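**Student:** Given next are the chains, with one letter for each unit.
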Amino acid sequence: DSGVTQTPKHLITATGQRVTLRCSPRSGDLSVYWYQQSLDQGLQFLIQYYNGEERAKGNILERFSAQQFPDLHSELNLSSLELGDSALYFCASSTRTAAYPHEQYFGPGTRLTVT
Amino acid sequence: LAKTTQPISMDSYEGQEVNITCSHNNIATNDYITWYQQFPSQGPRFIIQGYKTKVTNEVASLFIPADRKSSTLSLPRVSLSDTAVYYCLVASGAGSYQLTFGKGTKLSVIP
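Chains V and S, in that order, are what the protein sequence lines are.
Just so we're aligned: 71 in the numbering used here is position 71 of the first sequence, and the numbers increase by one with no gaps anywhere.
Just so we're aligned: 59 in the numbering used here is position 59 of the second sequence, and the numbers increase by one with no gaps anywhere.
In case anyone wonders, no lab produced these hints; they're calculated from the structure.
As a list, the in silico DSS-like pairs of lysine-lysine whose alpha-carbon atoms are at most 25 Å apart:
| # | chain 1 | residue 1 | chain 2 | residue 2 |
| --- | --- | --- | --- | --- |
| 1 | V | 57 | S | 103 |
| 2 | S | 103 | S | 52 |
| 3 | V | 57 | S | 3 |
Owing to the predicted nature of the structure, the values given are computational and were not obtained by experimental measurement.
With the rest of the complex left out, here is chain V:
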């Protein structure tokens, strides 16, 4: 158990719909990262927040957005869903004071299926 929680575990929805994925980081971790893992694209970095502020953006589509709240939990919003958005979405957290700067703790993921 990494200490990172993600809900829901599974999500099935139709094309054109909007969903929200939720992540609670490890206690004390200020950084939250979102990743998407699909069969054809592998594991891709989407976006990072640090203490409520956006810190870095990766291959995140304009239809996707995220935010980190004052209690440090984060939400990833996916809208106008397409079949190709079906994937595993992982949240990870880390502390910038870690001895290993790239030690991130990943949650169990949310499996999104768009039909």
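Fit chain S to the supplied structure of chain V, relying on the hints for placement.
**Tutor:** Using the frame of chain V, we list chain S on its own:
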């Protein structure tokens, strides 16, 4: 970002030592080398990280030669539960610490 190259797959028998080599010719001065393990349908798990020479923890060792253009993850006496995908990542020690994952090496441990 430095590109990494590692074998697509490897097979090993239980109890053997497994060495997975990663090539990263364009590694920059600020870059660290990090390895993650991923089981099917689970999030990646941090294994080990190093900058130069040798790093060892309770799970693995990481060997980095002086030129840092490659690195080798060593897993001692693997068991069936070590069957997983292993990712080699090179990322800057400064900035946002985002991770760029490649294809990884699928390690299959055979009884």
